[in-house]
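**Student:** Construct all of the structure, not just a fragment, from the sequences and the given hints.
The primary structure of each chain is shown beneath.
Protein chains: 2
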Amino acid sequence: MSKKQQAIGVDFGGTSVKLAVVEGAELVSDVHRIPTQDFKDSESLIERIVVEIDVLKSAFPSVEAIGFGVPGSVDFAAGVTYHLTNVQGWAEVPLRDIMTEKTGLPVVVENDANCMCFAEWKYGAAEGFEHVICVTLGTGVGGGLILNGDLYRGSQYAAGEIGQMSIDYQGVTGPYNNTGALERYIGNRQITEWAGRLYDEAGVARPDDISPESIAKLAQGGDPIAGQLWKNVASCLGSCLMSTVFLLNPDAIVIGGGVSYAGNILFEPLREYLEKSLPAECFAHLAIKHARFGNTAGIIGSSALALSISKS
Amino acid sequence: MSKKQQAIGVDFGGTSVKLAVVEGAELVSDVHRIPTQDFKDSESLIERIVVEIDVLKSAFPSVEAIGFGVPGSVDFAAGVTYHLTNVQGWAEVPLRDIMTEKTGLPVVVENDANCMCFAEWKYGAAEGFEHVICVTLGTGVGGGLILNGDLYRGSQYAAGEIGQMSIDYQGVTGPYNNTGALERYIGNRQITEWAGRLYDEAGVARPDDISPESIAKLAQGGDPIAGQLWKNVASCLGSCLMSTVFLLNPDAIVIGGGVSYAGNILFEPLREYLEKSLPAECFAHLAIKHARFGNTAGIIGSSALALSISKS
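From first to last, the protein sequence lines are chains U and Z.
Letter by letter, the first sequence follows residues 1 to 312 of my numbering.
Letter by letter, the second sequence follows residues 1 to 312 of my numbering.
Just to be clear, a hint being listed does not mean it is correct.
Label pairs and their in silico Cβ distance ranges [as the list claims (entries may be wrong)]: (1) Arg271/U / Asp150/Z: 24 to 34 Å; (2) Lys102/U / Asp97/Z: 53 to 63 Å; (3) Asn177/Z / Gly138/U: 25 to 35 Å; (4) Gly138/U / Asp38/Z: 25 to 35 Å; (5) Pro35/Z / Ile309/U: 47 to 57 Å; (6) Asn86/U / Leu27/Z: 55 to 65 Å; (7) Ala280/U / Asp209/Z: 39 to 49 Å.
Bear in mind the hints are in silico, worked out from the structure with no lab data behind them.
Ideal Cβ positions, reconstructed from N, Cα and C, are used throughout, including at glycine.
**Tutor:** And the structure:
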């Protein structure tokens with residue numbers, strides 16, 4: 001049997017850039033962290049990333065490729081970053097070619113939600129499925145699609161923006177002036193605010209330190225207002241996922257990201273919503289799953305994607 | 001240059017089954033019509049369809065394949081019909097194998113909205129595009145998808161149900177108990193009723209013979225209430241299409257079916273809606289087009305699909 005291939009996965013976030021050597025779904029090195037905001041431009045941050053890559057390459061000389069998962073839009077074919085969320089100075093950076101030149105290894109640059117989706121499909125909750133919708137719930141709501149057994153990117157590599165889909169054509173305005181954008185209902189901040197409103201409306205004192213986590217714990221402990229909040233979140237998410245199922249007829253939905261720790265407090269009403277709203281034969285063939293990977297999804301997905309592309 | 005291939009396209013509707021011989025995008029025979037409701041079961045209707053196919057085959061002996069576009073769900077791989085709208089007795093009919101045996105020709109059986117989409121992509125408004133969303137507006141709202149240059153069918157061949165997507169998570173109930181289903185806002189009947197409500201609310205007498213056609217004519221003539229109605233329709237359709245664009249990042253949207261004769265009365269506010277709601281670079285690369293084919297889309301698409309499959 002051939003030795004397992006190794007690649008470096010780089011999870012490029014607004015707070016930190018995290019790098020590790022990955023073999024299959026396992027991190028075989030420590031995770032190296034670089035504070036993103038310490039660097040004012042792409043050149044200086046790239047130099048620092050190259051230093052960390054060189055350290056990892058010295059320790060793991062069999063590394064074959066490098067994958068970058070970045071928080072925003074990319075031109076996947078060209079390996080160029082466009083608009084990165086919360087990171088200055090990364091418009092039109094030809095990251096793939098720069099990194100290939102500096103490291104001598106094949107490099108891929110992909111959107112971070114697509115990397116998460118690829119990780120779940122290749123090694124995680126969506127393994128073996130053909131058509132998959134991945135959603136990440138956190139500050140924003142992101143997504144990725146596996147269609148016909150491959151990442152689906154769309155005409156400008158911008159597909160999968162589940163958080164920008166509308167759940168109310170007369171609703172609140174999203175970041176693109178898109179009325180009813182899902183993430184303006186169930187992003188972290190919106191969940192917290194919604195909970196506050198529910199407590200106020202009920203005339204019940206707001207819990208201290210209100211957050212999606214604390215409201216999830218309260219709901220698990222039987223707090224009816226917290227429970228209602230998560231049912232509302234499930235209705236919003238369920239409505240959008242129902243739409244994606246009618247459009248794409250997937251065989252699996254995978255949900256990850258910060259908010260998904262709410263666990264069955266979210267998943268149970270979500271399953272009920274989809275069961276009541278979809279044709280029975282469609283729901284019967286639809287797996288609804290928790291993501292396998294948490295914080296490491298970006299590192300694992302980007303490294304797996306790098307290996308899959310450099311092999312093809 | 002090789003002679004153009006010919007196939008029989010069968011547009012199986014709730015009112016009539018229409019058949020013709022097609023060469024490329026041209027009907028080269030008359031359209032034969034069979035009144036669907038004259039036949040109580042699938043066996044007798046199939047016998048009659050075979051009679052008409054034999055007539056067409058005698059006149060056009062070079063016909064190479066037969067395509068069926070049917071109004072409902074099919075198992076495409078097996079060539080079996082499931083739930084056909086407004087047609088009794090067609091649950092689990094192995095139409096492809098029956099027809100292959102009776103005619104000696106390769107046969108494909110596909111959903112009618114997918115056939116319309118294939119016709120527009122192969123020969124019509126979506127020719128040359130890689131990722132296409134097709135919508136048909138009529139009694140109901142149907143759809144089909146071309147993704148990565150091929151019909152996308154999903155895990156049970158049920159993809160493309162744009163009319164069942166939600167535009168309001170707290171809205172009206174659709175046929176699957178799906179809250180906010182688009183077709184419950186902009187189906188023919190709903191458009192007519194909505195127009196009636198707008199005239200009532202304005203204290204203006206309803207026009208005689210109110211219908212989507214008559215309201216489109218009134219709007220084109222400058223009637224402000226009729227104009228408002230089509231703006232409302234454009235908002236509902238626009239909201240749903242915006243969601244599909246964020247999810248799939250297509251390069252073209254094609255709109256056909258009965259309601260689309262409303263023309264610019266619908267298309268202008270729809271374009272405005274999408275322009276204001278999508279990232280600029282995304283809208284700039286999105287073609288929004290009228291369908292090329294009207295009533296013949298099903299015949300042309302099913303015949304083209306039959307030839308494309310029998311060749312592969």
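**Student:** Hint by hint, note whether the structure agrees.
**Tutor:** Against the structure, the hints:
The hint said 24 to 34 Å for the Cβ distance between Arg271/U and Asp150/Z, and at roughly 32 Å that hint holds. Roughly 59 Å separates the CB atoms of Lys102/U and Asp97/Z, a value that falls within the hinted 53 to 63 Å. Distance hint for Asn177/Z and Gly138/U: a CB-CB separation of about 30 Å, consistent with the stated range 25 to 35 Å. A C-beta distance of roughly 59 Å is found between Gly138/U and Asp38/Z, which places it outside the suggested range of 25 to 35 Å.
Distance hint check: the CB atoms of Pro35/Z and Ile309/U are about 56 Å apart, consistent with the given range 47 to 57 Å. Hint check: Asn86/U to Leu27/Z, Cβ distance near 57 Å, so the stated range 55 to 65 Å holds. Judged by the Cβ atoms, the range 39 to 49 Å given for Ala280/U and Asp209/Z holds: they are separated by roughly 40 Å.
Checked against the numbered hints above, the structure breaks only hint 4 and satisfies the rest.
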